[in-house]
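Asker: Respectively, the protein sequence lines represent chains A and B. 1 is the number of the first residue of the first sequence in this note's numbering; add one for each residue after it. 1 is the number of the first residue of the second sequence in this note's numbering; add one for each residue after it.
No lab work stands behind these hints: they were computed from the structure. Bear in mind the structure is a predicted one, so any value in this text is a computation, not a measurement. Yeah, the Cβ is synthetic: ideal placement off N, Cα and C, and Gly gets one too. A portion of the hints provided could be inaccurate.
[Said to hold, decoys possible] Computed list of lysine to aspartate or glutamate pairs in EDC-like fashion (alpha-carbon distance at most 16 Å, straight line):
no.: 1; chain 1: B; residue 1: 28; chain 2: B; residue 2: 39
no.: 2; chain 1: B; residue 1: 28; chain 2: A; residue 2: 20
no.: 3; chain 1: A; residue 1: 115; chain 2: A; residue 2: 74
no.: 4; chain 1: B; residue 1: 28; chain 2: A; residue 2: 53
[What the hints assert, rightly or not] Covered stretches of chain B (in silico footprint by chain A; criterion: 3 or more residues with CB under 8 Å from a CB of chain A, positions within the stretch not fixed):
no.: 5; segment: 63-75
no.: 6; segment: 121-131
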Amino acid sequence: MERIPILQMGEFLLVTIQVDMHDQLALNLQEDLTDRISRTSARGVLIDISALDMVDSFIGRMIASISGLSRIMDAETMVVGMQPAVAITLVELGLTLPGVSTALNVERGMQVLRKRVAGR
Amino acid sequence: MNVNVNQSGSLAVRVEQDVVLARQQARKIASEQGMRLVDLTKLVTAVSELARNTVVYGGGGDMDWQVIEQSGRIGLRMLFRDEGPGIADTRLALTDGWTSGSGLGLGLTGARRLVDEFDLDTAPGQGTRITITRWI
Numbered sequence: 001m002e003r004i005p006i007l008q009m010g011e012f013l014l015v016t017i018q019v020d021m022h023d024q025l026a027l028n029l030q031e032d033l034t035d036r037i038s039r040t041s042a043r044g045v046l047i048d049i050s051a052l053d054m055v056d057s058f059i060g061r062m063i064a065s066i067s068g069l070s071r072i073m074d075a076e077t078m079v080v081g082m083q084p085a086v087a088i089t090l091v092e093l094g095l096t097l098p099g100v101s102t103a104l105n106v107e108r109g110m111q112v113l114r115k116r117v118a119g120r
Numbered sequence: 001m002n003v004n005v006n007q008s009g010s011l012a013v014r015v016e017q018d019v020v021l022a023r024q025q026a027r028k029i030a031s032e033q034g035m036r037l038v039d040l041t042k043l044v045t046a047v048s049e050l051a052r053n054t055v056v057y058g059g060g061g062d063m064d065w066q067v068i069e070q071s072g073r074i075g076l077r078m079l080f081r082d083e084g085p086g087i088a089d090t091r092l093a094l095t096d097g098w099t100s101g102s103g104l105g106l107g108l109t110g111a112r113r114l115v116d117e118f119d120l121d122t123a124p125g126q127g128t129r130i131t132i133t134r135w136i
């Protein structure tokens, strides 16, 4: 089955979404990520969506749900790299992703994650 | 007013993977017509929402697309049609946050906000036809 790769970087997990996601792929990612958090005791998850040229309500919901799930599993999620056109569209769509932390790029996201994890 | 159809085509929207194909097709036509990135992103997102509805609620259908010209303006028009159960209460279906399924209830209303023209034609047992237009 098609899967999105999850890389481990120390205590963080990095997911770079580079394909046009169909719904099942998004659901697989949610399952794989929670499984990896539990197996690796990761403290943070970075989801890089800079290659995504569209986020609709399904993908948006998946991102929000990953973020909520990982919080319950004691890991912070940062969504990084959202394209400006995607952000504009999401807001107009009515999806403001409450509770989801975002950063402009992977580097900034990593900085925030480190600070948050160190503060706990 | 006269509407000229410059190009047209059709795409089956039966299974989940077709949703991806539908938005790729929309992106291709829109960029060929020189649509601005933000407008293109809105159109593609609307197509994604409506194509998913066609699969999930309509039991599959088709997307007919047209590049149209009206009073010197170029636009993209898409018709999503299915022979599914139809929508009994269209006013309710066009309310933010209302859903008959397990979604967020943003598909239909969100798609409507993302395009310039939106037309919903449905009745119980009569299937659903949604036409959207985005002008360039």
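Asker: Does each hint hold? Answer for all of them.
Answerer: Results for each hint:
no. : hint             : in the structure
1   : 28(B) <-> 39(B)  : holds, 13 Å
2   : 28(B) <-> 20(A)  : holds, 14 Å
3   : 115(A) <-> 74(A) : holds, 15 Å
4   : 28(B) <-> 53(A)  : holds, 13 Å
5   : 63-75            : violated (count 0)
6   : 121-131          : violated (count 0)
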